[in-house]
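> Chains as they are written, first to last, in the numbering used here: chain A, 5 to 516; chain B, 102 to 209; chain C, 718 to 885.
These are calculated hints, taken from the structure and not from any lab test.
Model, not experiment: these values are computed from the prediction.
Among the clues, some could well be false.
[Unchecked claim] Below, simulated SDA-like cross-link-like pairs (lysine to any residue); rule was C-alpha separation at most 25 Å, straight line:
no., chain 1, residue 1, chain 2, residue 2
1, A, K415, B, T196
2, B, K167, A, A363
3, B, K186, A, Q428
4, C, K731, A, R82
5, B, K168, A, P425
6, B, K186, A, A432
7, C, K777, A, A106
8, C, K879, A, L92
9, C, K731, A, D80
10, B, K186, A, P425
11, A, K437, A, D508
12, C, K781, A, R148
13, B, K168, A, G328
14, C, K780, A, G108
15, A, K145, C, K780
16, C, K777, A, G150
17, C, K777, A, T105
18, B, K167, A, G328
19, C, K780, A, T105
20, C, K879, A, E90
21, A, K145, C, L782
22, B, K186, A, T463
23, C, K856, A, G108
24, B, K186, A, L460
25, C, K731, A, A109
26, B, K186, A, E464
27, B, K186, A, T453
28, C, K879, A, A94
29, C, K879, A, H93
30, C, K856, A, R148
31, C, K879, A, D149
32, B, K186, A, L468
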Amino acid sequence: MLYPVLSWVGCMTLRHMSIKQKLILTTMLTTCVALLLVTVVFVTYELVTIRRALRHDLVTQAQIIGMNSAAALVFDDRQGATETLETLHARQNVVSAALYTASGAVFATYHRDDISQGSMIPIPQPDGYRFRANSLDLFQKILRDGEPVGTIYLQSDLQAMYDRLKRYGNLGALALLMSMGVGFLLAVRLQRVISLPILHLAQTAKDVSEKRDYTVRAVKYHEDEVGLLIDSFNEMLTQIQERDAALRASNQALTEQQDLLLQELTEAADYVTSLLPPQLTGAVQTTWKFLPSERLGGDAFGYHWLNAEQFAIYLLDVCGHGVGAALLSVAVMDALRSHTLPDTDFCNPAAVLRALNMAFPMEEHGEMFFTMWYGVYNQSTQQIVYANGGHPPPILVTDASPHPKKVIQLKAPGVVIGAMPDLQYVNAYCDIKVRSKLYLFSDGAFEVTRTDGTFLTFTEFVALLARPSLSGMADLERLFQDVQTLHGSQAFDDDLSIVQIILDPNLGRGLC
Amino acid sequence: MDIDVTTTAQAVIVAVRGRLDTTSAPVFEQRLADVITQGATYIVMQCNELAYINSAGLRSVLLGGKKLQAQQGRLVFVGLQGIVKEIFDMAGFSTLFQTFASEDAALA
Amino acid sequence: MPVPADVQIPLLLKILTFDRNFEIKINTALTIGIVYDPQNPASLQGKDAIAQSLAPFTTKTIKKLPIAYTLLEFTPGKSLAEIARTKHINVFYIVPGNVEHLPALLEISWAQQILTVTGVPAYVDKGVAVGISLNRENKPLILINLASSKSAGSAFDANLLKLATIVE
Numbered sequence: 005m006l007y008p009v010l011s012w013v014g015c016m017t018l019r020h021m022s023i024k025q026k027l028i029l030t031t032m033l034t035t036c037v038a039l040l041l042v043t044v045v046f047v048t049y050e051l052v053t054i055r056r057a058l059r060h061d062l063v064t065q066a067q068i069i070g071m072n073s074a075a076a077l078v079f080d081d082r083q084g085a086t087e088t089l090e091t092l093h094a095r096q097n098v099v100s101a102a103l104y105t106a107s108g109a110v111f112a113t114y115h116r117d118d119i120s121q122g123s124m125i126p127i128p129q130p131d132g133y134r135f136r137a138n139s140l141d142l143f144q145k146i147l148r149d150g151e152p153v154g155t156i157y158l159q160s161d162l163q164a165m166y167d168r169l170k171r172y173g174n175l176g177a178l179a180l181l182m183s184m185g186v187g188f189l190l191a192v193r194l195q196r197v198i199s200l201p202i203l204h205l206a207q208t209a210k211d212v213s214e215k216r217d218y219t220v221r222a223v224k225y226h227e228d229e230v231g232l233l234i235d236s237f238n239e240m241l242t243q244i245q246e247r248d249a250a251l252r253a254s255n256q257a258l259t260e261q262q263d264l265l266l267q268e269l270t271e272a273a274d275y276v277t278s279l280l281p282p283q284l285t286g287a288v289q290t291t292w293k294f295l296p297s298e299r300l301g302g303d304a305f306g307y308h309w310l311n312a313e314q315f316a317i318y319l320l321d322v323c324g325h326g327v328g329a330a331l332l333s334v335a336v337m338d339a340l341r342s343h344t345l346p347d348t349d350f351c352n353p354a355a356v357l358r359a360l361n362m363a364f365p366m367e368e369h370g371e372m373f374f375t376m377w378y379g380v381y382n383q384s385t386q387q388i389v390y391a392n393g394g395h396p397p398p399i400l401v402t403d404a405s406p407h408p409k410k411v412i413q414l415k416a417p418g419v420v421i422g423a424m425p426d427l428q429y430v431n432a433y434c435d436i437k438v439r440s441k442l443y444l445f446s447d448g449a450f451e452v453t454r455t456d457g458t459f460l461t462f463t464e465f466v467a468l469l470a471r472p473s474l475s476g477m478a479d480l481e482r483l484f485q486d487v488q489t490l491h492g493s494q495a496f497d498d499d500l501s502i503v504q505i506i507l508d509p510n511l512g513r514g515l516c
Numbered sequence: 102m103d104i105d106v107t108t109t110a111q112a113v114i115v116a117v118r119g120r121l122d123t124t125s126a127p128v129f130e131q132r133l134a135d136v137i138t139q140g141a142t143y144i145v146m147q148c149n150e151l152a153y154i155n156s157a158g159l160r161s162v163l164l165g166g167k168k169l170q171a172q173q174g175r176l177v178f179v180g181l182q183g184i185v186k187e188i189f190d191m192a193g194f195s196t197l198f199q200t201f202a203s204e205d206a207a208l209a
Numbered sequence: 718m719p720v721p722a723d724v725q726i727p728l729l730l731k732i733l734t735f736d737r738n739f740e741i742k743i744n745t746a747l748t749i750g751i752v753y754d755p756q757n758p759a760s761l762q763g764k765d766a767i768a769q770s771l772a773p774f775t776t777k778t779i780k781k782l783p784i785a786y787t788l789l790e791f792t793p794g795k796s797l798a799e800i801a802r803t804k805h806i807n808v809f810y811i812v813p814g815n816v817e818h819l820p821a822l823l824e825i826s827w828a829q830q831i832l833t834v835t836g837v838p839a840y841v842d843k844g845v846a847v848g849i850s851l852n853r854e855n856k857p858l859i860l861i862n863l864a865s866s867k868s869a870g871s872a873f874d875a876n877l878l879k880l881a882t883i884v885e
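My request is simple: use the sequences and hints to build the entire structure.
Structure, rendered in structure tokens:
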């Protein structure tokens with residue numbers, strides 16, 4: 005049960021020790037164990053030797069006493085025998101002694117001074133010795149001419165042995181302590197050979213990691229495995245350094261390239277924006293909001309006076325967004341402004357759309373079609389004629405109080421332009437009797453997701469327009485902000501264009 | 102967006118679920134092209150679970166329809182509703198493709 | 718003889734084993750010559766007693782040598798010396814009643830290296846080498862005339878001498 009606790013403690017402690025401590029610990033442990041083993045071996049050897057010596061000594065003693073006591077035993081001279089035993093006084097280790105007759109009766113006894121003189125003497129045993137905890141007992145027959153005349157018993161204490169052992173123990177402990185001390189000092193000194201290179205490497209690694217300075221290199225101290233480690237480490241750093249430099253260069257190039265692209269896009273966007281019409285005042289007042297989802301979009305719109313009386317208005321939306329869509333929108337806008345469609349009456353919206361459909365088949369323009377509403381306002385007739393090619397219908401809102409507000413969708417059937425060859429479009433008409441506000445927009449204006457994820461419907465969008473009018477151009481701003489609020493953010497997924505045109509039949513004619 | 106293609110004796114029914122917008126349009130376009138290449142002549146677009154379609158979606162539909170027409174085939178629509186129908190109608194696609202109220206009507 | 722013959726004899730035999738020159742002097746058999754005066758009744762009595770006690774020992778050995786005894790009548794004129802030599806006597810047991818014969822016996826003893834033993838304590842003072850007496854506790858006491866024993870060619874073990882009474 006103890007073992008797992010110890011090993012856990014050991015592991016925990018070992019884990020937090022430094023290399024220096026570990027090295028010293030291993031050395032000390034080895035030294036200690038080795039010393040202990042040596043001590044044990046020597047002490048054991050000594051123990052065996054001492055015992056043997058003790059035994060020999062006692063045996064010899066018994067023989068001498070025995071020989072000297074033979075006469076006394078033979079002639080029944082107890083006194084003589086006792087006197088002979090008394091010579092054992094000289095041998096301080098002999099505790100007790102006894103002589104037995106051949107028949108086994110006690111003949112004479114001896115006890116050391118510190119032992120009570122009446123102490124028990126054991127009964128005679130066969131020849132032999134026995135080591136007890138505190139004594140060595142010896143029985144030996146006394147022979148005369150090969151015949152046993154009696155037995156001698158000697159008991160020696162083991163004091164000499166224990167004294168010797170204690171001395172050895174003390175000496176051993178002292179030697180151990182001294183050796184450990186010297187060993188420790190040596191270990192501290194010598195462990196540096198191993199730990200120094202490792203610590204240096206660790207420090208270098210730490211420096212590199214903290215400062216991210218890959219020019220640093222670790223110093224190699226020796227040609228051993230640590231040296232190999234350091235070489236590999238330095239090699240790795242070189243590689244990192246090279247890759248880092250390469251990466252920087254690559255990033256640099258990319259950034260430069262990106263900057264270039266961005267610059268070009270910005271230039272293109274500026275050009276597209278420059279194509280958009282100026283905001284007019286006068287007989288026809290215009291204002292607009294243009295927000296491509298990326299820098300360039302597929303939305304475009306325009307208006308211009310065709311002649312003294314007719315004012316063309318158009319808004320187109322190329323499917324998709326980005327550079328591709330923008331390029332097509334520019335091409336279409338150019339055709340409309342420069343009137344470069346062959347045999348086309350630009351006052352006839354249906355004809356214009358038909359001509360555009362012929363001129364821009366989607367197969368020849370990157371599989372892109374576009375929606376478009378084209379209308380012509382005639383100041384004299386106070387009428388708008390218009391045609392639609394798949395585009396959300398503009399909303400006309402009358403704005404002449406006290407007349408009730410009317411909201412009219414300028415719808416006309418028609419397929420998206422470029423979809424199929426020979427598509428036909430129809431002209432529709434709308435009279436402008438009172439001052440009205442015409443709103444043109446791309447689907448990006450109303451096809452927005454609300455904060456709850458549902459889509460704003462066209463109807464809801466129209467409802468926004470039907471609110472009481474604000475003066476001037478504030479309506480557009482309000483509309484735009486409402487849409488933004490509903491969407492919940494300022495960024496839109498699709499290109500957003502809204503144009504507001506105020507048409508007032510009561511205003512005088514005039515070119516703007 | 103998920104596309105399920107079911108082939109019956111009379112037609113290949115392509116059911117589209119989710120949004121058919123700029124991200125999903127290319128996938129749909131490719132799938133439709135595969136169906137057409139495999140020789141379908143009458144494709145029924147099941148739009149019951151189509152939640153939204155934008156100009157990119159319309160474009161892929163149109164491209165598929167034109168490709169099918171070149172093979173003497175037809176592309177029709179079933180289950181257009183809500184904003185999808187609005188967009189579909191506004192783009193004038195109702196004049197280009199036939200629409201039905203139900204699949205049975207389309208397969209009849 | 719204060720100590721009975723049957724006690725003396727075993728004791729004497731034991732004493733003999735403590736003679737370090739035993740093997741030198743005695744090499745075939747231990748032959749004890751019991752010297753008596755035929756005219757002296759005490760002597761005769763003593764002789765009989767000793768002989769009787771010695772008899773059982775003739776079947777035993779001492780230091781692996783057989784034990785034998787012979788009766789030696791002391792008559793002046795008779796060459797006891799010659800007989801002793803012939804019979805290879807190693808030990809003279811001198812029974813009581815031989816006091817006048819002691820000097821002659823001793824002469825032979827010293828000449829032929831024959832040890833003299835007795836049961837009469839007084840004889841030891843007169844020159845007999847080994848004698849058995851009785852001590853104060855009425856226990857047998859060994860008397861040894863050291864000079865005489867040495868002259869007879871014996872060298873008794875120090876341990877024996879220790880417990881014996883030395884007579885000058």
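> So, for every hint listed, does it hold in this structure?
Outcome of the hint check:
| no. | hint | in the structure |
| --- | --- | --- |
| 1 | A:K415 x B:T196 | 15 Å, holds |
| 2 | B:K167 x A:A363 | 18 Å, holds |
| 3 | B:K186 x A:Q428 | 22 Å, holds |
| 4 | C:K731 x A:R82 | 17 Å, holds |
| 5 | B:K168 x A:P425 | 14 Å, holds |
| 6 | B:K186 x A:A432 | 23 Å, holds |
| 7 | C:K777 x A:A106 | 19 Å, holds |
| 8 | C:K879 x A:L92 | 18 Å, holds |
| 9 | C:K731 x A:D80 | 11 Å, holds |
| 10 | B:K186 x A:P425 | 24 Å, holds |
| 11 | A:K437 x A:D508 | 8 Å, holds |
| 12 | C:K781 x A:R148 | 12 Å, holds |
| 13 | B:K168 x A:G328 | 23 Å, holds |
| 14 | C:K780 x A:G108 | 24 Å, holds |
| 15 | A:K145 x C:K780 | 19 Å, holds |
| 16 | C:K777 x A:G150 | 15 Å, holds |
| 17 | C:K777 x A:T105 | 22 Å, holds |
| 18 | B:K167 x A:G328 | 22 Å, holds |
| 19 | C:K780 x A:T105 | 20 Å, holds |
| 20 | C:K879 x A:E90 | 15 Å, holds |
| 21 | A:K145 x C:L782 | 24 Å, holds |
| 22 | B:K186 x A:T463 | 14 Å, holds |
| 23 | C:K856 x A:G108 | 21 Å, holds |
| 24 | B:K186 x A:L460 | 14 Å, holds |
| 25 | C:K731 x A:A109 | 20 Å, holds |
| 26 | B:K186 x A:E464 | 16 Å, holds |
| 27 | B:K186 x A:T453 | 17 Å, holds |
| 28 | C:K879 x A:A94 | 20 Å, holds |
| 29 | C:K879 x A:H93 | 19 Å, holds |
| 30 | C:K856 x A:R148 | 23 Å, holds |
| 31 | C:K879 x A:D149 | 20 Å, holds |
| 32 | B:K186 x A:L468 | 22 Å, holds |
Going down the numbered hints, you'll see the structure goes against none, and every one checks out.
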